[in-house]
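Hey, can you work out the whole structure from these sequences and the hints?
Protein chains: 2
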Amino acid sequence: MIGTFDALLHHASALGGKRVVVAAPRNAETFEAINLAASQLHATCILVGDQDAARNAGIDDRPGIEFVPCSTTERALSTCMELLRDGRGDILLKGSVDTGTLMKAVLQPESMLRTGRLLSDVFVFEYPARAQNKLIMITDGGITLAPDLKGKSELIANAVEVAHALGNPNPKVAVLSASEFVIPALQSTVDAAALSKMNERGQITGCTVDGPLALDVALFPDAAKEKGIRSAVAGAAEILLAPGIEAANSLAKGIVSFGGLRLAHVVMGARVPILIPSRADGSDAKLLSIALGMVMAGAFTR
Amino acid sequence: MIGTFDALLHHASALGGKRVVVAAPRNAETFEAINLAASQLHATCILVGDQDAARNAGIDDRPGIEFVPCSTTERALSTCMELLRDGRGDILLKGSVDTGTLMKAVLQPESMLRTGRLLSDVFVFEYPARAQNKLIMITDGGITLAPDLKGKSELIANAVEVAHALGNPNPKVAVLSASEFVIPALQSTVDAAALSKMNERGQITGCTVDGPLALDVALFPDAAKEKGIRSAVAGAAEILLAPGIEAANSLAKGIVSFGGLRLAHVVMGARVPILIPSRADGSDAKLLSIALGMVMAGAFTR
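First to last, the sequence lines map onto chains R and Y.
Under the numbering used here, the first residue of the first sequence carries the number 1, and numbering increases by one thereafter.
Under the numbering used here, the first residue of the second sequence carries the number 1, and numbering increases by one thereafter.
Treat the hints loosely; a few may be bogus.
What the hints assert, rightly or not - What follows is a list of derived Cβ distance ranges for each label pair:
hint, chain 1, residue 1, chain 2, residue 2, range
1, R, 262, Y, 282, 39 to 49 Å
2, R, 262, Y, 112, 51 to 61 Å
3, Y, 167, R, 60, 30 to 40 Å
4, Y, 40, R, 164, 35 to 45 Å
5, R, 228, Y, 40, 37 to 47 Å
6, Y, 4, R, 284, 25 to 35 Å
7, Y, 117, R, 260, 34 to 44 Å
8, R, 55, Y, 282, 37 to 47 Å
9, Y, 206, R, 27, 37 to 47 Å
10, Y, 206, R, 260, 30 to 40 Å
11, R, 63, Y, 185, 17 to 27 Å
12, R, 279, Y, 206, 53 to 63 Å
Claimed, not checked - The calculated lysine-lysine pairs, modelled on DSS-like cross-linking and capped at a C-alpha distance of 25 Å, are:
hint, chain 1, residue 1, chain 2, residue 2
13, Y, 197, R, 227
14, R, 227, R, 197
15, Y, 150, Y, 104
16, R, 104, Y, 227
17, R, 104, R, 150
18, Y, 225, Y, 197
By construction, these hints were calculated from the structure, which means they are not laboratory data.
This structure is a prediction, so every number in the text was calculated from the model and none was measured.
Even for Gly, the Cβ is constructed at its ideal location relative to N, Cα and C.
Rendered as structure tokens:
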């Protein structure tokens, strides 16, 4: 099992040869991450956009880095979609384009990247405090605004696919809320109960689902014991399904900001893994996301 | 301004003489916190419930600790309400009673503790990373399930009252979401815009409100700058209004768990401050909440 970010980087570099299509790269952290991906992870990075920017950053003449010059962002995006559609790229990495514009290009029928599944962003954290090294996932803090029950079951499926690719064959999924009780007036607790039952009935597979669980009960055995919650997931959760984008986003940002933990993330549900690092991510976080994308791309072709 | 927990403890101990009515105390952390409140904060703690439990914990014969023996939890609760109604107590502290049962007793008309305002739980964090020491508030991760726009404006009012009592005359309120843009399909961003305007129009006073803001943009000047958000609140938020109980609860628990920060909290909106520490809180966290309650009780009588 890939239980640490070091193992993730190692595994990605051993995969080699994955082709990362980069949409309109322009900022220093992106170039730095591309450089590291090519040199350390043996990825091939195809930079689609303004070649002068890359030249100025000094990465235009290195092994593993290729160029497809495009004068406008619009052209760069349509060129990226062509490369991916035609199987000349394995992973899409957002450069200096906003996420909405990028996702719109991905979702266009002529891009042929849709699979009929919901697209969602899966955050992956290294969580060294837990005895057994495991990567923890939080979803969806990036794309799906207000998932309904069906949407939530698809968010679980996407995160479970990431867990499987990381070598965790039956991840424990905690459906987060603010309570462990079903509260009729709090829809997230009702949905959590429904998702647990869907898992029991074989409608959600490849994982063990329980909820509602508050964050502490989901992650920490002591909290689970203190509250008297008996559950295969409580205290041992590996995937945290938040009730909505605001909760997932603020939880993830809180963990990064206050806990100093690192975050990788990948958008699942399309025909290729899509990486949408935020402008605020440093090159280290971007490199981890590229490694995650490479491992997902490896899993897709198995 | 009270900008640190040390200052909060100091200020509370200087107030002295506040009477903390404790509903059915039974566990060791509660007794330890009561003991510290009496000895260090010079509070008078009125323990309403099973005197044997207190005797076994060895705190039945100390200055500042009084007893009102009650044989059942139900009796203990009604006695607490009488004490508070009759002005013989200043603060209500939950012992080993569940929060729902306690709040039901508070909300009964005969308790005369209601004010017509919404009751909400205000979390207070010490945030030493920020240059100027300030306590940061998050609300509501404890009581209000799914506030609508009117509810959110009342949550702000309650948190602002706490900020004022801590000596911050015009707190900066960030209305959290997952984005800084108004997204019609994401109600929390629409509500955030409405709350900002209500503040501009003088419908929400005593503070400066801006939103929607994601957590990093709300708290960190670098993130605000990176995203190009011009706002009196971005990068400097002192009150974080989460869109719902799940987001507030998981954000607060994430900060405590991953950031190792300490948390005090107080329920505002009733005639007296109400303290509902969780079972998982240690005596240190409970003592901080008692100090916070004392400062709020001091503010109420000004």
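How the hints compare with the structure:
1. R:262 - Y:282: 39 to 49 Å: violated, 28 Å
2. R:262 - Y:112: 51 to 61 Å: At 52 Å between Cβs, range holds.
3. Y:167 - R:60: 30 to 40 Å: Roughly 56 Å apart at Cβ, these two residues miss the hinted range, so it is violated.
4. Y:40 - R:164: 35 to 45 Å: violated, 53 Å
5. R:228 - Y:40: 37 to 47 Å: Violated, at about 32 Å.
6. Y:4 - R:284: 25 to 35 Å: Taking Cβ atoms as reference, residue 4 of chain Y and residue 284 of chain R lie about 32 Å apart, which means the hint holds.
7. Y:117 - R:260: 34 to 44 Å: holds, 38 Å
8. R:55 - Y:282: 37 to 47 Å: Given a distance of about 57 Å, which is not inside 37 to 47 Å, the answer is violated.
9. Y:206 - R:27: 37 to 47 Å: holds, 40 Å
10. Y:206 - R:260: 30 to 40 Å: The hint (30 to 40 Å, Cβ to Cβ) holds, given that residue 206 of chain Y and residue 260 of chain R are roughly 34 Å apart.
11. R:63 - Y:185: 17 to 27 Å: violated, 45 Å
12. R:279 - Y:206: 53 to 63 Å: Given a distance of about 34 Å, which is not inside 53 to 63 Å, the answer is violated.
13. Y:197 - R:227: violated, 41 Å
14. R:227 - R:197: With a Cα-Cα distance of about 22 Å, the restraint between residue 227 of chain R and residue 197 of chain R holds, given a limit of 25 Å.
15. Y:150 - Y:104: holds, 22 Å
16. R:104 - Y:227: Roughly 21 Å separates the two Cα atoms, so the pair holds.
17. R:104 - R:150: With Cα atoms ~22 Å apart, residue 104 of chain R and residue 150 of chain R stay inside 25 Å; holds.
18. Y:225 - Y:197: Holds: residue 225 of chain Y and residue 197 of chain Y sit about 23 Å apart, inside 25 Å.
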